[in-house]
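Protein sequences, first through last, are from chains S and C.
Quick note on numbering that gives the first Met the number 0: the first sequence kicks off at 0 and runs consecutively.
Quick note on numbering that gives the first Met the number 0: the second sequence kicks off at 0 and runs consecutively.
Keep in mind that a hint or two might mislead.
Unchecked claim - Heads up, simulated DSBU-like pairs for lysine-lysine below, C-alpha to C-alpha not over 30 angstroms straight-line:
{"id": "1", "chain 1": "C", "residue 1": "K223", "chain 2": "C", "residue 2": "K349"}
{"id": "2", "chain 1": "S", "residue 1": "K231", "chain 2": "C", "residue 2": "K241"}
{"id": "3", "chain 1": "C", "residue 1": "K429", "chain 2": "C", "residue 2": "K241"}
{"id": "4", "chain 1": "C", "residue 1": "K223", "chain 2": "S", "residue 2": "K378"}
{"id": "5", "chain 1": "C", "residue 1": "K357", "chain 2": "C", "residue 2": "K220"}
{"id": "6", "chain 1": "S", "residue 1": "K115", "chain 2": "S", "residue 2": "K378"}
The set of hints was computed from the structure by calculation and includes no laboratory data.
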Amino acid sequence: MTTVEAPRGGPLPADAEPGFFQRYGAAIIFLAPTLVLLGVWIVYPTIRTVIRSFYGRDGSEFVGLDNYETLFTDDTLTTAIRNNFLWLLIVPAFVTAIGLVFAVLLERIRFSVAFKVVVFMPMAISLFAAGVIWRLMYEQDPSRGTINAGIAVVKDAVSPSGALSSAQPSTEALEEQPNGSLVLQKPLVPGDVAQLGLTGIRSSDVPGDAVQAVVPEALSGGITGVVWRDFKPGGGTPGQVEQEELGLPGITVELRSENGGRVAETTTESDGTFAFEDVEAGSYRAAIGASTFSAPYAGVSWLGQSLITPAIMLAYIWVWAGFSMVVIAAGLAAIPRDLLEAARTDGATEWQVFRRVTVPLLAPVLTVVFVTMLIYVLKVFDIVISVAPGSVQDDANVIALAMWRTSFGGVNDFGLGSAIAVFLFLLVIPILVLNIRRFRREA
Amino acid sequence: MRHRWLALTLIVGALAFVAAGCGGGDDNGGSAEGSEDVTGDISMMAVWTGTEQQNFQTVIDAFNELYPNVSVKYTSGGDNLAPLLSTAVQGGNPPDIACIAQPGLMADFASQDAIKPIDDLRQDIVDNFGESVADVGAIDGTQYAVMWKAANKSTIWYNVADFEEAGVDPPETWEDLNAARDTLKAAGITPYSVGVDVGWPISDLFENVYIRTAGADNYDKLSKHEIPWTDQSVKDALTTMKDIVGTSDDMVGGTSGALQTDMPTSVANVFSDSPKGAMVVIGDFAPAQGEFTLEPVSGYNVFTFPSIDGSAPAAVGGGDLCVNFKESEAATAFLKYLTTPEAAEIMVSKGGFTSPNKNVDESAYSDEITRSTATALTDAETFRFDMSDLQPSSFGGTPGAGLFKAFTDFVQNPDDIDGITQKMEADANKAFSG
Chain S
0 MTTVEAPRGG PLPADAEPGF FQRYGAAIIF LAPTLVLLGV WIVYPTIRTV IRSFYGRDGS
60 EFVGLDNYET LFTDDTLTTA IRNNFLWLLI VPAFVTAIGL VFAVLLERIR FSVAFKVVVF
120 MPMAISLFAA GVIWRLMYEQ DPSRGTINAG IAVVKDAVSP SGALSSAQPS TEALEEQPNG
180 SLVLQKPLVP GDVAQLGLTG IRSSDVPGDA VQAVVPEALS GGITGVVWRD FKPGGGTPGQ
240 VEQEELGLPG ITVELRSENG GRVAETTTES DGTFAFEDVE AGSYRAAIGA STFSAPYAGV
300 SWLGQSLITP AIMLAYIWVW AGFSMVVIAA GLAAIPRDLL EAARTDGATE WQVFRRVTVP
360 LLAPVLTVVF VTMLIYVLKV FDIVISVAPG SVQDDANVIA LAMWRTSFGG VNDFGLGSAI
420 AVFLFLLVIP ILVLNIRRFR REA
Chain C
0 MRHRWLALTL IVGALAFVAA GCGGGDDNGG SAEGSEDVTG DISMMAVWTG TEQQNFQTVI
60 DAFNELYPNV SVKYTSGGDN LAPLLSTAVQ GGNPPDIACI AQPGLMADFA SQDAIKPIDD
120 LRQDIVDNFG ESVADVGAID GTQYAVMWKA ANKSTIWYNV ADFEEAGVDP PETWEDLNAA
180 RDTLKAAGIT PYSVGVDVGW PISDLFENVY IRTAGADNYD KLSKHEIPWT DQSVKDALTT
240 MKDIVGTSDD MVGGTSGALQ TDMPTSVANV FSDSPKGAMV VIGDFAPAQG EFTLEPVSGY
300 NVFTFPSIDG SAPAAVGGGD LCVNFKESEA ATAFLKYLTT PEAAEIMVSK GGFTSPNKNV
360 DESAYSDEIT RSTATALTDA ETFRFDMSDL QPSSFGGTPG AGLFKAFTDF VQNPDDIDGI
420 TQKMEADANK AFSG
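Hey, can you work out the whole structure from these sequences and the hints?
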């Protein structure tokens with residue numbers, strides 16, 4: 000194979016060129032497609048992006064480092080950078096830790112394969128779809144968001160919502176107390192008739208047995224009154240019991256003494272009337288307790304400004320925990336059992352075995368998972384755009400999303416977008432270098 | 000260049016005149032007349048896809064009956080039209096005609112000399128669309144675009160059953176609207192469904208209030224940033240807006256619910272058998288936001304954004320502006336055809352399309368709802384383009400940033416009008432200087 004004929008020290012023979020091809024021809028033919036593909040889709044765009052980042056919006060004006068200055072001064076972009084660092088600090092550590100815990104614990108249970116499949120399942124879903132799933136689960140309205148629905152079930156079991164949670168007093172004669180109860184302003188003496196008008200009640204929320212409200216007769220030695228839905232189509236006259244206005248049955252009315260103490264309690268009839276008989280002479284107040292108005296659970300605002308980034312991180316960890324678990328479990332299986340046995344024989348506790356033997360032996364695998372996650376987290380994009388509603392995308396912003404939004408999401412500023420892309424590229428490079436070095440060492 | 004163009008137009012004009020004479024057709028402000036002598040292939044791009052694309056093809060077919068030797072090839076750019084066109088212009092290979100929804104982008108192209116003036120069509124455009132709409136397609140007195148399609152954003156949609164239950168009628172004034180809100184509330188019905196989405200629906204609401212409280216002149220000045228966002232007129236408009244978005248209980252899901260609701264959901268909340276809210280302030284595209292079981296007119300209906308303190312009928316809206324990247328007889332002929340009521344009536348009769356053309360026969364609209372929103376648009380004394388679309392896009396066109404972000408903050412914190420207007424002004428200064 001080697002050309003030995005060429006005279007040593009003499010001029011190169013005319014056929015040196017074919018020799019070169021003989022030597023490298025096959026390599027070039029095999030490498031060419033890859034090189035072309037890399038050149039067209041990686042090298043050229045990279046160089047072009049770097050150059051483009053020094054130009055303005057429309058690409059005609061050289062602006063030097065202006066785009067990079069904007070990158071570190073613009074509020075939206077600094078938020079993105081800050082968020083991305085939060086992601087870096089929190090997510091890879093959690094994913095690795097959770098994967099490790101799952102992997103170690105799964106070695107000890109019986110249906111570990113089934114469990115592994117369940118934990119690994121989210122990996123089969125695209126991140127975008129996972130984001131959509133979590134977006135729906137995070138909805139604030141407990142009738143739509145799964146998570147808040149779960150909390151609502153618990154909450155309503157502990158403190159149920161009132162019969163008339165949305166009701167409001169129809170006139171100022173009825174005053175809302177700080178605790179939520181409604182008290183009639185006018186003091187009552189035996190023989191008086193109290194009118195407690197409420198609005199803001201959906202007609203469909205009025206109990207089915209309700210009938211036309213009536214103002215009851217005065218009762219000598221007692222206090223009577225009516226609780227009614229002070230509304231008819233068009234509004235009606237607030238504070239007056241009119242035709243078409245229904246009584247509110249089953250409402251607990253309290254009679255309070257002037258100092259606020261409860262004297263008596265009764266419930267209303269189907270026409271909304273109530274009566275306290277045999278009331279001692281004196282001055283009283285009529286009131287409806289706060290429990291009647293206690294609002295149903297409104298739900299946690301997972302997708303609001305303050306919780307959005309943790310909420311997205313949780314969704315992301317849910318997806319990647321399975322990957323981490325599977326890789327770590329494979330590493331765990333490769334650890335020689337006799338080392339663990341030896342440690343146990345020497346009297347180490349399970350915690351010590353885990354801490355001093357298992358984890359150090361797993362270190363290379365843990366590093367792989369951790370570093371992989373670092374890279375993925377730096378580039379995180381699709382799950383953020385799919386979980387965060389438009390109004391909070393600014394608060395949930397990350398570098399990759401900021402790049403996309405700046406270039407294609409309406410701003411159309413390809414110069415600044417390129418600068419963001421270059422910045423992201425520079426962030427990823429050290430981790431890539433670290434990774435490649437490790438591969439070399441291991442090889 | 001200019002002379003050749005003039006001569007060319009004269010020839011086209013003369014030919015058209017002859018053709019019209021031969022056909023003996025009627026002529027109301029530039030009716031459609033054709034010619035076999037105009038030849039050429041033109042390419043065209045817009046965002047329309049699906050049914051709308053098919054419908055537009057019938058417009059092209061009708062054009063081809065008049066101009067059999069012109070071939071128009073329409074390609075949809077989809078949602079990426081703006082970056083597609085920007086890239087095509089940079090690459091030196093734009094389509095002949097494109098219809099774009101952003102006057103700001105049109106201005107960019109004009110400043111790069113990428114689009115060509117169509118001043119010769121100005122008269123046709125004014126005759127058919129009126130000055131107000133024609134001016135949207137003009138920059139410093141030079142006509143660049145024909146507004147082929149319009150969106151009326153001065154509309155409020157309501158659930159008919161809710162209105163009947165509470166006994167309220169569609170209001171015509173702001174006081175009536177507030178009274179309707181209070182009556183609905185007393186009936187236990189949440190009056191408004193608000194979808195802050197990425198902020199633009201609130202921006203639309205602001206524009207509707209502002210053009211009524213501050214007037215069209217101030218609207219134009221604010222659009223060009225000739226008056227600051229900290230101007231008292233802006234603060235007054237925001238204060239008026241609080242009647243709708245200022246009270247948590249007035250909105251479906253309260254303030255935090257509104258902030259997380261996207262626009263299609265805000266519409267679905269109202270267009271439902273068991274509505275969560277009675278009204279939604281959103282443009283005429285509301286019925287296209289989903290499959291609704293409610294019937295139009297009997298189930299849901301629409302009224303025009305009410306007058307505030309006796310303001311004259313005004314409409315704020317959007318539209319697709321058709322511009323010319325390459326001068327050619329064929330392209331001019333096609334743009335001219337797009338100014339005619341005949342062309343618009345083809346689209347209008349298919350439904351789901353609002354033409355800003357005043358000469359379009361009302362009866363051409365196939366459904367009552369579109370007819371009423373379209374008529375409100377063409378009857379409006381003043382038409383103004385959506386203000387946020389007139390801003391530099393970093394200020395007015397970016398989800399969750401600039402103006403949109405400020406309006407989101409306003410819903411979140413409606414009492415901080417001073418702080419929000421200062422933020423708007425600071426962002427505007429940055430965008431207008433950059």
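Problem set entry | List of violated hint numbers, smallest to largest | Of the numbered hints, 1, 4 do not hold.
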